[in-house]
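A.B. asks: Which chain is which? The protein sequence lines are C and X, in order. Reminder that position 40 of the first sequence reads as 86 in the working numbering, one-by-one numbering, no gaps. Reminder that position 118 of the second sequence reads as 207 in the working numbering, one-by-one numbering, no gaps.
Hints are supplied without guarantee of correctness; some may be wrong.
Some chain C residues close to chain X (C-beta under 10 angstroms, calculated; not the full set) [claimed, not checked]:
id: 1; residue: P56
id: 2; residue: G82
id: 3; residue: R92
Okay, the calculated beta carbon distance ranges per label pair [claimed, not checked]:
id: 4; chain 1: C; residue 1: M47; chain 2: X; residue 2: R92; range: 46 to 54 angstroms
id: 5; chain 1: C; residue 1: T98; chain 2: X; residue 2: V208; range: 19 to 27 angstroms
id: 6; chain 1: C; residue 1: F51; chain 2: X; residue 2: L159; range: 27 to 35 angstroms
id: 7; chain 1: C; residue 1: T120; chain 2: X; residue 2: R156; range: 38 to 46 angstroms
Source of the hints: derived by calculation from the structure; they are not laboratory data. Just so you know, even glycine gets a beta-carbon here, dropped at the ideal spot from N, CA and C.
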Amino acid sequence: MTIDFAAFTPASAFGGGMLIGLAAALLILLNGRIAGISGILGGLLRPGPGETGWRIAFLVGMVMAPIGWALVATLPAIDIDASYPVLIAAGLIVGISTRYGGGCTSGHGVCGLSRLSPRSLVATLAFMASGFATVFLIRHVLGG
Amino acid sequence: MSRLTLSALVSGLIFGLGLLVSGLGNPAKVLAFLDLAGAWDPSLALVMGGAILVGLIAFQLAARRQRSVLDEPIRLPTRRDIDRRLVLGSLGFGVGWGLAGFCPGPAVMAIGAGEARAVVFVLAMLAGMGVFELIERQR
Chain C
47 MTIDFAAFTP ASAFGGGMLI GLAAALLILL NGRIAGISGI LGGLLRPGPG
97 ETGWRIAFLV GMVMAPIGWA LVATLPAIDI DASYPVLIAA GLIVGISTRY
147 GGGCTSGHGV CGLSRLSPRS LVATLAFMAS GFATVFLIRH VLGG
Chain X
90 MSRLTLSALV SGLIFGLGLL VSGLGNPAKV LAFLDLAGAW DPSLALVMGG
140 AILVGLIAFQ LAARRQRSVL DEPIRLPTRR DIDRRLVLGS LGFGVGWGLA
190 GFCPGPAVMA IGAGEARAVV FVLAMLAGMG VFELIERQR
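With the hints as extra help, turn the sequences into a complete structure.
C.D. replies: Structure (structure tokens):
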């Protein structure tokens with residue numbers, strides 16, 4: 047393992063992480079809801095009374111973040127190297143499997159680990175492991 | 090706009106800003122984190138650390154309350170069993186995450202940055218979630 051110190055950004059990573067934690071804190075303490083993005087999206091496809099407005103508002107807020115940022119400063123890099131077919135395959139896989147697994151990086155990784163949930167710990171270890179394995183296969187075995 | 094709508098909007102906004110500041114919103118940086126055998130960028134471990142540090146306090150407070158500050162019921166998951174759906178679903182999610190470097194949050198956020206590729210990913214993801222709903226309804 048070689049650490050790429052030139053790319054390592056500990057301060058902004060930790061500070062940005064605290065912002066993500068703050069957002070999750072606000073949503074649970076004010077709205078009583080978990081800031082899990084796959085659950086927020088998935089719930090829109092299974093609408094219940096009083097369960098649509100806050101979801102839309104949260105998603106609109108997320109989309110507004112880069113729009114507002116761009117008004118005052120240059121946006122940080124968002125480099126998406128995957129081709130369209132790969133993006134479609136990845137999106138389908140992420141959509142179906144986050145619903146089966148009951149969460150993603152935010153719901154299990156941030157909120158679940160913060161709640162010390164054993165289910166979320168297992169989920170996080172599982173998606174980290176398969177994420178590492180997938181990138182290893184693509185970059186070092188298949189030579190993508 | 091109701092107070093609940095406003096608080097969800099502000100929470101989403103801060104979440105999106107956190108993704109931008111932290112680098113988690115950048116698929117190339119996510120893949121550099123997932124590439125343990127390459128030139129490894131450990132930054133994202135610190136994103137999780139920062140988020141969980143704040144989250145630990147918030148969810149401790151939330152667990153002691155029945156209703157939120159804005160008088161909504163606090164909905165915390167109660168399941169503790171480890172089942173096959175949890176494990177296989179999460180393993181599958183990691184594969185999709187590793188393919189493109191996108192998980193659901195950053196992909197939604199990047200739509201606001203005008204990224205056509207993020208729009209395509211999110212549409213495919215919604216289609217995947219729709220497939221899940223169809224399968225569930227047939228069970």
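A.B. asks: Could you run down the list of hints and mark each one as holding or not?
C.D. replies: Here is what the structure says about each hint:
With a least beta-carbon distance of about 5 angstroms to chain X, the hint placing P56/C at the interface is held under the 10 angstroms criterion. Hint status for G82/C relative to chain X: holds, with the closest Cβ pair at about 9 angstroms, below 10 angstroms. A distance limit of 10 angstroms between C-beta atoms decides the matter here; for R92/C the minimum to chain X is near 6 angstroms, and the interface restraint holds. The hinted range of 46 to 54 angstroms is satisfied by M47/C and R92/X, whose Cβ atoms lie roughly 48 angstroms apart.
The beta-carbon spacing between T98/C and V208/X, approximately 21 angstroms, falls within the hinted interval of 19 to 27 angstroms. Distance hint for F51/C and L159/X: a CB-CB separation of about 44 angstroms, inconsistent with the stated range 27 to 35 angstroms. Between T120/C and R156/X the C-beta distance comes to about 42 angstroms, which sits within the given range of 38 to 46 angstroms.
When held up to the earlier numbered hints, the structure conflicts with hint 6 and nothing else.
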